[in-house]
Amino acid sequence: MLSLLVLVLFVVNISLGSVHIAFDTILSSLFDFNDEGSTQTYIIQHYRLPKAITAILVGAGLGISGMLMQTLFRNPLAGPFVLGLSSGASLGVALLIMGSGLFGGILATTLLSYWGITAAAAIGCFAVLLLVVSVANKVRDTMAILIIGLMFGSLTAAFVSVMAYFSSAEQLQKYVFWSYGSLGDLSWNELALFTVVFLIGLLLSILSIKSLNSLLLGENYAQSLGLKIKRSRFIIIIATSLLAGSITAFAGPIAFVGLAVPHLTRQIFNTTDHKILLPAIALYGAILMLLCDSIAQIPFSQYTLPINAVTSLVGAPVVIWLLVKKRKMMF
Amino acid sequence: MKNPILQIQDLSIGYKESGNETVISREINVDFEKGKLIAIVGANGVGKSTLLRTLSNLQPVLSGSIKIDDQPLDLLKPVELAAKLSLVLTEQIASKNLTVSEIVGLGRQPYTNWLGKLSPKDKELIEQSLAATHTLELADRKCHQLSDGQFQKVMIARALAQETPLIILDEPTTHLDMYHKAYILNLLKNLCVEFDKTIIFSTHEIELALQLSDNLLVMQSDKVQFGTPNSLIETGVFESLFPNDLIVFDKKTASFKVKK
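For the record, the sequence lines run as chains A and B.
Under my numbering, think of the first position of the first sequence as 1, with each following residue one higher.
Under my numbering, think of the first position of the second sequence as 1, with each following residue one higher.
By construction, these hints were calculated from the structure, which means they are not laboratory data.
There's no promise every hint is true.
Taking beta-carbon pairs under 7 Å as the criterion, some of the chain B residues facing chain A (in silico) [as the list claims (entries may be wrong)]: (1) Leu87; (2) Leu89; (3) Asn97; (4) Gly116; (5) Leu118; (6) Asn190; (7) Val193.
Straight-line alpha carbon distances no greater than 27 Å define the calculated DSS-like cross-link-like pairs of lysine-lysine that follow [said to hold, decoys possible]: (8) B:Lys96 / A:Lys230; (9) A:Lys275 / B:Lys36; (10) B:Lys121 / B:Lys181; (11) A:Lys275 / B:Lys16; (12) B:Lys142 / B:Lys36; (13) A:Lys228 / A:Lys174; (14) B:Lys84 / B:Lys117; (15) B:Lys181 / A:Lys228; (16) A:Lys228 / B:Lys36; (17) B:Lys16 / A:Lys228; (18) A:Lys138 / A:Lys275; (19) B:Lys16 / A:Lys138; (20) B:Lys16 / B:Lys36; (21) B:Lys117 / B:Lys77; (22) A:Lys275 / B:Lys67; (23) A:Lys275 / B:Lys77; (24) B:Lys121 / A:Lys275.
All C-beta atoms in this analysis are idealised placements derived from N, C-alpha and C, irrespective of residue type, glycine included.
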């Protein structure tokens, strides 16, 4: 059922955009990759198709990493970015965009290219990840990791504001545009790299299902059931970092989905079993992202809205509605 | 002693923080026999919970040794320990939305595959554990719909489903009314007999413990005494358990009376 919905939305998503393309052209260009004749086919194959696949990976990945963090920290307010990953990425990108004046000339132009920004975001994420993991191995208390992650976030945000204060309007705008997030602009090569990282993160999440379920009883009980707490915690943090980090690097800091989709899924499926939650959350995340991206295209117009705003605009009312209707939160 | 399931030698318990050791209790020497119900009693802060947490490897041993089934506790792998010892703690569980059968099902984790899938045999054991604790009709309830007494029974069912020779409970009777306190301890007594379990629990219900348990471990700040209820009453240990300005122990009725 759900996977069918994903498929339908996938096709709908591809058929929407600033250029109108007939439906049969879309189908033929989806199934026949040898035909690269027309501009329309080119748009489908090199722009809309990678964008739709990115939407699926981003939605599924954010949902899963949100679930991992909520269960690990036993906190319904946790999301994929509580460890400070997106803040790390922001710092990387801010340093690059706002600090690029220091390099000057051709070097600055190369650095500011798409790959430069992706690399800066990835390096930023990775730096924060290393800090979090080294801290996680020292601290016994999981809650301490949560607070430390939030502190990293505040620290990097402060750095970014200081830099923003001293930078030009043009640099600021460029940074703000990055922070809106974007699902497009990924070439097939980049998408392939993204997919590989995503799949490793997904695999680690699947391997964590059993530990996640026992963590629902709390850490002491989980340990008494034979769980190696430190090792499981480490795997869960790595999985989250791979998923959320690669998403931030390739699509920018996309808010809300990671927090909301796990809640949405728990309400709808009325279960806390991660064997069911993990695939369901992945599908719902993909659905939400495809839907939001289709809305962001503003069907039949030339404009595109920033995806980061649309996810919250669409998602927040849904979550509020569900909570009010059920009167109670599942966790 | 025949068949000791748990052997404690020269044990010191307490906390270790940045090199500083805070010893709460030392020189504990005791063997626990199989199939017995054993109560740990003592005043607040004397180290009952610390002892239980140390026995269940949630807290490191300061010195001395603990052996479960003749194997040193610190050499057991987490999964091996999980097959020997199950826990019922005072803490709340993290998710209140687990159903009763899900909670009890998690007790099978040491034996399930990498995904935690329950086999028909697991399901049978879960049902058996629910039946033994009279919670079968609660199976589909969510945890937040349970009363304190029902929740305690469910947590005991979970420990049973874990199929361990040893069950440790930390103050299983707190928050319960007088009837349910007696009910829970009586249930533990029955489980000892029916399933040949060794059950160790800490409690403040000394009078109930004297009536129902096979052995008591009485913890005081300077010494730890172990024995049957009658032998302990004879030694007069209960008279010195609390300051005697307010309550006194009456040997004949094995109960505490308020001074008038």
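Practice item. Given the hint that Lys16 (chain B) pairs with Lys36 (chain B), test it: the Cα-Cα distance must not exceed 27 Å. Key: With a Cα-Cα distance of about 32 Å, the restraint between Lys16 (chain B) and Lys36 (chain B) is violated, given a limit of 27 Å.
Check your understanding: Has the given pair, Lys84 (chain B) with Lys117 (chain B), been kept, meaning a C-alpha gap of at most 27 Å?
Key -> Distance ~21 Å between Lys84 (chain B) and Lys117 (chain B) Cα, so the pair holds.
Review point. Within a Cα-Cα threshold of 27 Å, do Lys228 (chain A) and Lys174 (chain A) meet the stated pairing?
Key: violated, 45 Å
**Study point:** Hint consistency between Lys228 (chain A) and Lys36 (chain B) [alpha-carbon to alpha-carbon, up to 27 Å]
**Key:** violated, 30 Å
Check your understanding: Holds or violated: Lys96 (chain B) with Lys230 (chain A), Cα cutoff 27 Å?
Key -> holds, 24 Å
Point to revise | Satisfaction of the Val193 (chain B) interface hint, Cβ to chain A closer than 7 Å | key: violated, 24 Å
Check your understanding: Against chain A, with CB atoms and a cut of 7 Å, does the hint on Leu89 (chain B) hold up?
Key -> Because about 6 Å separates Leu89 (chain B) from the closest Cβ in chain A, which is inside the 7 Å limit, the hint holds.
Exercise for review: Double-check Asn190 (chain B) for me: the hint is only fine if its C-beta lies closer than 7 Å to a C-beta in chain A.
Suggested key: violated, 23 Å
Exercise for review: Would you check the hint for Lys117 (chain B) and Lys77 (chain B), treating anything up to 27 Å between C-alpha atoms as holding?
Suggested key: Distance of about 22 Å is within 27 Å: holds.
Check your understanding: Does the structure keep Lys275 (chain A) and Lys16 (chain B) at a Cα separation of 27 Å or less?
Key -> Answer violated: Lys275 (chain A) to Lys16 (chain B) is near 38 Å, above 27 Å.
Check your understanding: Does the structure keep Lys275 (chain A) and Lys67 (chain B) at a Cα separation of 27 Å or less?
Key -> violated, 36 Å
Review point. Any CB of chain A closer than 7 Å to the CB of Gly116 (chain B)?
Key: holds, 4 Å
Consistency with the previously given hints fails for numbers 5, 6, 7, 9, 10, 11, 12, 13, 15, 16, 18, 20 and 22, ordered from lowest to highest.
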